[in-house]
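Once you have looked at the hints, place chain G on chain Y.
The listed protein sequences correspond, in order, to chains Y and G.
Take 1 as the starting number for the first sequence in UniProt numbering and just add one per residue.
Take 1 as the starting number for the second sequence in UniProt numbering and just add one per residue.
Calculated directly from the structure, the hints in this document are not laboratory data.
Wrong hints could be hidden among the right ones.
Unchecked claim - Simulated pairs of lysine-lysine, DSS-like, Cα-Cα distance not exceeding 30 Å:
no., chain 1, residue 1, chain 2, residue 2
1, G, 12, Y, 211
2, Y, 211, G, 294
3, Y, 142, G, 69
4, G, 142, G, 227
5, G, 69, Y, 307
6, Y, 211, Y, 115
7, Y, 109, G, 227
8, G, 69, G, 227
9, Y, 115, G, 12
10, G, 294, Y, 109
11, G, 294, Y, 115
12, Y, 19, Y, 109
13, Y, 157, Y, 142
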Amino acid sequence: MPKPIKKKKTMLYNLGKYKVLYLMFLPGVVFLLINNYLPMFGVIIAFKNVNYTDGILGSPWAGLENFKYLFGTSDAWEITRNTLAYNVVFILLNLVLGAGLAILLSEVKGRFTSKFYQSVMLLPYFLSMIVISYLVLAFLGKDSGFMNTSFLPFFGKEPIDWYSEPEYWPYILPFVNTWKNIGYYVVIYLAAVIGISEEYYEAAILDGASKWNQVRFITVPFLYPLMIVMTLLQIGRIFYADFGLFYQVPLESGALFPVTNVLDTYVYRTFLIGGDIGMSSAAGLYQAVVGFALVLLSNSIVRRINKDNALF
Amino acid sequence: MGPTDSPLHVSKRSGAVIHAFFIFYAALCILPLILVLSISLSDETTVIANGYRFIPETFSVSAYEFLFKDMDQIIRSYGVSIFVTVVGTVISVALTACYAYPLSRSDLPYRGFFAFFIFFTMLFNGGLVPWYLVYVNLLDLKNTLWVLIMPMLMSPFFVLVMRTFFSSSIPMSILESARVDGAGEFRTFVRIVLPLSLPVLATVALFSTLNYWNDWYLSMIFISDNKTISLQYLMYRTLLDIQYLTSNSNVASQISSQGGMLDLPNKTLQMAMAVVGIGPIVLAYPFFQRYFIKGLTVGAVKG
Chain Y
1 MPKPIKKKKT
11 MLYNLGKYKV
21 LYLMFLPGVV
31 FLLINNYLPM
41 FGVIIAFKNV
51 NYTDGILGSP
61 WAGLENFKYL
71 FGTSDAWEIT
81 RNTLAYNVVF
91 ILLNLVLGAG
101 LAILLSEVKG
111 RFTSKFYQSV
121 MLLPYFLSMI
131 VISYLVLAFL
141 GKDSGFMNTS
151 FLPFFGKEPI
161 DWYSEPEYWP
171 YILPFVNTWK
181 NIGYYVVIYL
191 AAVIGISEEY
201 YEAAILDGAS
211 KWNQVRFITV
221 PFLYPLMIVM
231 TLLQIGRIFY
241 ADFGLFYQVP
251 LESGALFPVT
261 NVLDTYVYRT
271 FLIGGDIGMS
281 SAAGLYQAVV
291 GFALVLLSNS
301 IVRRINKDNA
311 LF
Chain G
1 MGPTDSPLHV
11 SKRSGAVIHA
21 FFIFYAALCI
31 LPLILVLSIS
41 LSDETTVIAN
51 GYRFIPETFS
61 VSAYEFLFKD
71 MDQIIRSYGV
81 SIFVTVVGTV
91 ISVALTACYA
101 YPLSRSDLPY
111 RGFFAFFIFF
121 TMLFNGGLVP
131 WYLVYVNLLD
141 LKNTLWVLIM
151 PMLMSPFFVL
161 VMRTFFSSSI
171 PMSILESARV
181 DGAGEFRTFV
191 RIVLPLSLPV
201 LATVALFSTL
211 NYWNDWYLSM
221 IFISDNKTIS
231 LQYLMYRTLL
241 DIQYLTSNSN
251 VASQISSQGG
261 MLDLPNKTLQ
271 MAMAVVGIGP
281 IVLAYPFFQR
291 YFIKGLTVGA
301 VKG
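Excised from the complex, chain G in its bound form:
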């Protein structure tokens, strides 16, 4: 159905203006990614001479060749990110569902206490310093994969979303009839409630996946060895290291006097690293965003 002249819709001319606007806006969203891709596929000397362009002036894959010569760290970091994302998301969804379900049961005594227990954490926190000390001194988790997983396991907001779904979409009568048929509470939860709750489980899983995949903060404060560096943090380090090398001529001359390589394709290498890092999320995006929009919509309507 195209725009018509009925007063329910905007006029044809306004419709065209709206389209033009959104095409412009869409370009604004996509072009930065194209710029990065184009730089990564350019020849370093042309880039230095003429600056970044949206279409490579001289095509070259040398940045990628350079990057793939030393692939161990990249593969390692990919592994860390994938592991943390998968394990983190699975535990996170399980933990959230286990907490949200009893909260949704209006017949459960003292559930107000447990609701307060989690929602109070939205109001007040101890701040970075004590929190950091708990993980580093008390639990001794510095430089482990667990420190990248644990802090993001449970978010009060996800619990809120799930509780709302359980209490508004799972009829009490289904639970009653399961009880009559002799199913225990946990069995009812796993066999009946969870299968009926796939939309909200998927929504929380998607948000959680995104949180884990994009996290660099936990790596930045808790990780100091290269073994447990996540992909995002590796990208951060690459950016900073090259910035540091190029802005600090002392370091640069030291490296070259020791026979190191200074003619590394800085700028294109940097952007090639960005492409390698962005890659998975952009490739998964079309699949991801459909469910994401659905999830957001459910959340917004349900409140």
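Excised from the complex, chain Y in its bound form:
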């Protein structure tokens, strides 16, 4: 590839020479200004005491009142804990099961069967959270759900009112999340496993390595870079929760809030249902700022490990 022109050119010359390419940026720039940058200025709402007669800019400043109020309630701790704890569990499950299932799947040698398993595992990934909430209801419905009418009675257990018993949801939600998304991770890891040259395995076999040892000393080490990047990408989003999973799947059941309320559902509820602009803006800013710090942190770690995989 030829090197970019070294000679220093004036800005005007560059703009003229590449005007078509700069014009191509234009629609995207306009979109980003409206959809992303304009709302960034809106973070001042978190420091205002918004009332509708004065409008947002005209409303009096509230200083840190909104934040004091937010962190004064038990909500702040609960939503932070839920968001972080669930995401940690999700990341671990995606990592272990994603890579594990991909390695297992790579051992299925029949082309047709392997493709079939891949396709079926990816199917839940294509379903919307609304559909998933229907599927979950079909299993966990109180009166006629499959669990209560067929599964539990078979083992001689009493039916459970799933949608009002918080204790089960820390297991149900990770299960649903993994069920829906694991196919995606499996396909990505599988591509990496298949990409490993057979020569490594053949050499290992000459040294008498068992299948287990081949996986342990060849496959898994080859997957490390991808595993690390996939994990760090998720860590960058650890302060954000899948709104659909936490809002739709539990059917908004109030009894479950202590274990289903996360930052995203909290901001939504306080704003669009509760109408509290100040508090939800404060919670939103808290999420954005901590999220920002976490992306920078995980990116700098990726950079240290493998510069090519860093986002910036």
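Structure of chain G alone, referenced to chain Y:
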């Protein structure tokens, strides 16, 4: 080629265990859909008496008959979803390609600024409240089709994927020779770069289609009239409405005292709605997923 006893492959017995495991896992993925289909094809009274079963105990299509009596809303929502998906995907791919291509040109001065301009949006955002106010108060797009399309038009991630493809798969020499032949930048882009980039365009288009088709969030926060309700949101409303009716005996008795129908086949109707909503994606799935896997694989290998 079947499993052999060479040390390159797992033993026959382990192979069988792996197959058994994946058959079990495949069942786990498919059975919930079969359960929903089966409930929708069951008779309501049997379902109430015995609960949901994987095979209908008493076959009945009354739930579908009920649903199709009032088809206007369903057809309308299908229309909304199809329109939003098609228009959204087309604009989205065009916008993404237009932004990603100049970014991939290593000879373009100031491209670092434009890269930062989009990737910064991955780092920081204003949060739900200001974003909502921009669309509702500033642009006044509440209850329009555009509000279902616009917010998802451009994703930094797609731009990243396309930029990587352009810069690694389109040789600079092709661009040079086009220039020598007198083609302008835009002409080169449309006539040469895009046709060479079909794999990545298809990948982004598929992801985008899935995003638009499965979206209910934008409907939930921006749509309050029935005219612009998407299919997913209609499914959500059906689920909630019936939940509400069955869990709230006051509402139920009110409806029946006003001569309304309370003997609507609740549970089977609910699941029939789910089948009508799931239908298109499951039918399109076999076609879709082949390219999807290819796209994911390309993305993973290219990084």
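Hints and how they fare:
For the given pair, residue 12 of chain G sits about 12 Å from residue 211 of chain Y by alpha-carbon distance, which is consistent with the 30 Å threshold. Of the supplied pair hints, the one linking residue 211 of chain Y and residue 294 of chain G holds, its CA atoms being roughly 28 Å apart against a limit of 30 Å. This hinted pair checks out: residue 142 of chain Y and residue 69 of chain G have alpha carbons roughly 29 Å apart, not beyond 30 Å. A C-alpha spacing of about 12 Å is found between residue 142 of chain G and residue 227 of chain G, which places the hinted pair at or below 30 Å, so the restraint holds.
About 60 Å separates the Cα atoms of residue 69 of chain G and residue 307 of chain Y, which puts this hinted pair outside 30 Å; it is violated. For the proposed pair residue 211 of chain Y and residue 115 of chain Y, the alpha carbon gap of about 22 Å is at most 30 Å, so the pair holds. As the CA atoms of residue 109 of chain Y and residue 227 of chain G are separated by approximately 51 Å, the hinted pair breaks the 30 Å bound. Taking the CA atoms of residue 69 of chain G and residue 227 of chain G, the gap is about 18 Å. The hint holds against a cut of 30 Å.
Simply put, residue 115 of chain Y and residue 12 of chain G have alpha-carbon atoms about 20 Å apart, close enough for the 30 Å limit, and the pair holds. Restraint check for residue 294 of chain G and residue 109 of chain Y: the C-alpha separation of about 19 Å stays at or below 30 Å, so the hint holds. Distance restraint check for residue 294 of chain G and residue 115 of chain Y: the Cα-Cα separation of roughly 12 Å lies within the 30 Å cut-off, and the hinted pair is therefore satisfied. Our distance criterion of 30 Å between C-alpha atoms is broken by residue 19 of chain Y and residue 109 of chain Y, whose separation comes to about 53 Å.
A hinted pair counts as satisfied when its Cα atoms are at most 30 Å apart, and residue 157 of chain Y with residue 142 of chain Y qualifies at roughly 14 Å.
Comparing the model with each numbered hint stated earlier shows that hints 5, 7 and 12 do not hold.
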